[in-house]
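Student: Residue numbers (our numbering), protein chains in the order written: chain A, 253 to 669; chain B, 253 to 669; chain C, 253 to 669.
Everything labelled a hint here was simulated from the structure, so no lab data went into it. Treat the hints with care, since some could be wrong.
Which copy? The list can't say, so a pair holds if one copy fits it or any two copies do.
[Said to hold, decoys possible] Each computed SDA-like pair below joins lysine to any residue, with the alpha-carbon atoms no more than 25 Å apart:
no.	residue 1	residue 2
1	Lys321	Arg474
2	Lys321	Ala434
3	Lys293	Pro597
4	Lys321	Ser367
5	Lys293	Phe551
6	Lys439	Thr571
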Amino acid sequence: APAASVATTGTATPAASGTAGTAASSSPAIAAARPASSSAKAWYEKIGIRGYVQMRYNQELGEDAKDLKSPGDRFIGREQGFGVRRARVVISGDVTDNMSIYIQPDLASTPSGSSTTHFAQLRDAYADIWLTKDKTWRIRAGQSKIPYGWEDLQSSQNRIALDRADALNSGVRDERDLGVFAYWSPKVAKERFAYLQKSGLKGSGDYGVIGFGVYNGQGANRPDRNDQLHSVVHFSYPFKFANGQYLEVGADAYSGRYKVSTASTTIGGRTFTPGVDAPEAGSTDRRVGAHVVYYPQPFGFQAEWTVGKGPELDLARRTIRTRSLRGGYAQVMYKFDGGFGSLIPYAKWQTYRGASKFDTNTPRMEVDELEAGVEWQPSNAIELAVAYANMRRTDVSTAPHRKIDGQLLRVQLQVNY
Amino acid sequence: APAASVATTGTATPAASGTAGTAASSSPAIAAARPASSSAKAWYEKIGIRGYVQMRYNQELGEDAKDLKSPGDRFIGREQGFGVRRARVVISGDVTDNMSIYIQPDLASTPSGSSTTHFAQLRDAYADIWLTKDKTWRIRAGQSKIPYGWEDLQSSQNRIALDRADALNSGVRDERDLGVFAYWSPKVAKERFAYLQKSGLKGSGDYGVIGFGVYNGQGANRPDRNDQLHSVVHFSYPFKFANGQYLEVGADAYSGRYKVSTASTTIGGRTFTPGVDAPEAGSTDRRVGAHVVYYPQPFGFQAEWTVGKGPELDLARRTIRTRSLRGGYAQVMYKFDGGFGSLIPYAKWQTYRGASKFDTNTPRMEVDELEAGVEWQPSNAIELAVAYANMRRTDVSTAPHRKIDGQLLRVQLQVNY
Amino acid sequence: APAASVATTGTATPAASGTAGTAASSSPAIAAARPASSSAKAWYEKIGIRGYVQMRYNQELGEDAKDLKSPGDRFIGREQGFGVRRARVVISGDVTDNMSIYIQPDLASTPSGSSTTHFAQLRDAYADIWLTKDKTWRIRAGQSKIPYGWEDLQSSQNRIALDRADALNSGVRDERDLGVFAYWSPKVAKERFAYLQKSGLKGSGDYGVIGFGVYNGQGANRPDRNDQLHSVVHFSYPFKFANGQYLEVGADAYSGRYKVSTASTTIGGRTFTPGVDAPEAGSTDRRVGAHVVYYPQPFGFQAEWTVGKGPELDLARRTIRTRSLRGGYAQVMYKFDGGFGSLIPYAKWQTYRGASKFDTNTPRMEVDELEAGVEWQPSNAIELAVAYANMRRTDVSTAPHRKIDGQLLRVQLQVNY
């Protein structure tokens, strides 16, 4: 820690900075040497703090629904009350003309093995280093979202539906990993990406018209477990029609080797620890995805599909081996604006046939779900979403991985600050 | 994450906001469309960051005192040195005219099962949504203090005595839970609640003249464990006499079903896991409390009492069953103000007869304690408290739950920022 | 929590403050009573927020290197990818004329026992209380760096080499502990300490020309385990020659009793839990160190040496007993400044013969390491370091504590904000 000099001479100055310090009465020589540069901006002009909190309540409709488990919402299931799904604080800013940072802890996370919750854990911690004056090319280094899947890149703060679709979201744990990426966004695309977010049309933000990179591959906040990196490539383009209507289409793909976790389990009367039919470096893990988003002006449509291969428990052989997977979703929505704010009714259908590779023994997961609801934004700061969901899902968290069918009433209050 | 558009077009803007963005040179159309609204305030005008840190040192007087254990201070007992009791950071603000947020992590918390400490864990994460222009009615949603007990609602930053009284504090773990509440404060009460805090009279803040709500019931940062909510109702009124003296009186009550934790234990030579004599939804858990606070202008007096029913280990039957509980405290204090700052000598007596429901097997807890000390505030930013305590307490953390008698010298340094 | 009054009357006001509140429309009486004092500064003028993130990638050169383990970098070894070594957020500031705070969580920490990472854990949480108007004397209370060793006091944000030398760094876990300290810095030294940091010369900050104090002794974020405190004393003086060249020399020492951790282990075919040949209060733990730093203007030289006694596993006797330790490092560096920023090639040699007291069973640790690299700072906000290291190290984390020899290519990207 830079210690007392910080306390006596102005507190917001990076210790390594030679120019940005506040003048201290005890250091006149330093103050005199300080040039009037852009780095003389106050700390609160260089970085900003904002965030959002999501609070949920799920009501199971009927006894069957109480056995439902969903990776996207740990408050679904038996003996649940209110839950804080996300409590985010974002520290971000353009620190210099060519470097921006983005640090986002979540304050509703739980260390593995702890029975107490709501600890602060990183989601994002990355820097964007701009390679060109016009900011078309940048390097992103750190823990950040992996550019695979459109909905995975869209912030949960902006998503209309309560959870992401499992087919896409089962690719990258918490949508993020640690790596180095390059993004290219020409000026026209950059402006459109920005507009689609700021306008309330719920864009995904700017992950480049072209993006590519390498990353560890075991998911956010997990150490790597092999000496190989995953690689990813991403394309997305926001078209704008003459009438002002936006349409975004794109595709992406990733490939690497994933190390699965196994443990003794009992399924169908047999107790076994599955073998893993894969090289030392891990199981084949690769996917391609495609997306189309017709923005709600006022009617919108959104769909994604993915296919790939990944590790999956083969019960007959008691072995985890490489198998195919496929799935996606389609969503329709309509945006009403008025004195009441913004009201967006929507319906989302999703399906998935493939493994849940993050879970112990990577069980096969089958999902068929229909959710219909409405999101109401009385102001920019408050969102209330109410939805009815008809779920048919494998319980991937507990052997013997039963398939459960049930209906839920779901409510979410989100506040933005 | 809202990604690069944030970095290129101003960093403090909630992604969902249609109006608040900083103008970006690459987005002239957006800048032009930005109306001059109140949401155009800079992020640091909308939210503020402050906090406080409490550091403690307890010196046991005599050998017996080394076996003391107290739920309010984990640094009491054998082989203890300095301790950080609380390290708080508060992010709060009036985000819009009708929504305020309050997010408070504690940076001196420990996940269950970890031997390393000082992790960041939420205390508060709530939004106040104001229902009327005059801000008399509001809904509070999220994790917040449960309006039961006056001292429980008063911030530890403001409390004169080192710890809260166990009789009241054993009702709601960490004073908080996840739920939805309504508070009503007419203008005159709102002004008085604010004055009692800002004046240094150490008020509890505004939890309404009337407050009521529902919450999970297992305590802060713990998942719910049944399908029933607890409910609470709260009354408190700050009277002001003609001579300027303030007097606050009130009462509150809560009711619900609490799920206890049991484990194998050895007491009196018998090893057993207690049974629980309660329905599936949990044990009866209900209390009423009353408070009176005569503010120190300069002489002050403060007392609370609670009675109720809750789960308690019945050793004879090796069963946890519903039993009565009662207890409270009385405190006198005197506030000297002068060039030296503020000096408040105080004496606090407390008693409790009832269970410690948060602890494994919910053992019976008997507390009789007298603490006398003085709090010195040389400035608003620094508080030094020195106290002598005579404690007679059950060790509820370890079977066989012995009763310990001992004396302590206690010191706390608090800094506010 | 100070509750709603905060939300309605200005959010950045410490609840205990009688003077600093923002005027609230609902509290005219309070606004009128507010004097124009220095505490009326806005919250963002009183405190500042800044930080830095370090991302690493190590490439082992040859098969042997894959078995290397180093206390300073958990991303060295088999099956590693990218890693976030540090993700720091600093909240600091001069809260009043005589009190400053410094609160620094790290967002890349892991609770013991958790397999998920990147949780927020305190590094520093202290207050400086200035005893004199000229700020030469201060008391520092809280968790802070222990003034032993020069490199230990220098921020990792400023260090040129990737990790600290083990000889010095094995004295105090995470360089910090909880305690109370006094520091004395006369005006001339204070100005030099400040200049050495701000100028990019990578000073250690101001830990006084003289410093001394007492602390728990088990390391940062660990509870104390005995009723004795460690004590420390520290001297350092920054000389300035007529030609402007700076030279800092000093020495320090600490002494106390350290409680070791033991567990069953298997070494050389024998399975045993070592006994501890020490009193109940813990093992003898004392060291002296000396440092000399010739600042890089442009050529620099830096060296430290330490000797002492501490607990060490004696394999022959299967006992942990007090043994001597010694070690240190020497470093040369050269600072090139130009249009490309700042470029600092360096070479660092270190050696250590003594125990790793933080590790289970306190095994003996032998280190001989040579690192040569270059740090490039294109701007104040970005640092890229590339180094080649030849390590010969005992693996102190896993019995039988083999000695490993290997070469590494190391890369670190650091961003400051």
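Student: Please list, smallest to largest, the hint numbers that this structure does not respect.
Tutor: Those not satisfied are hints 2, 3, 5, 6.
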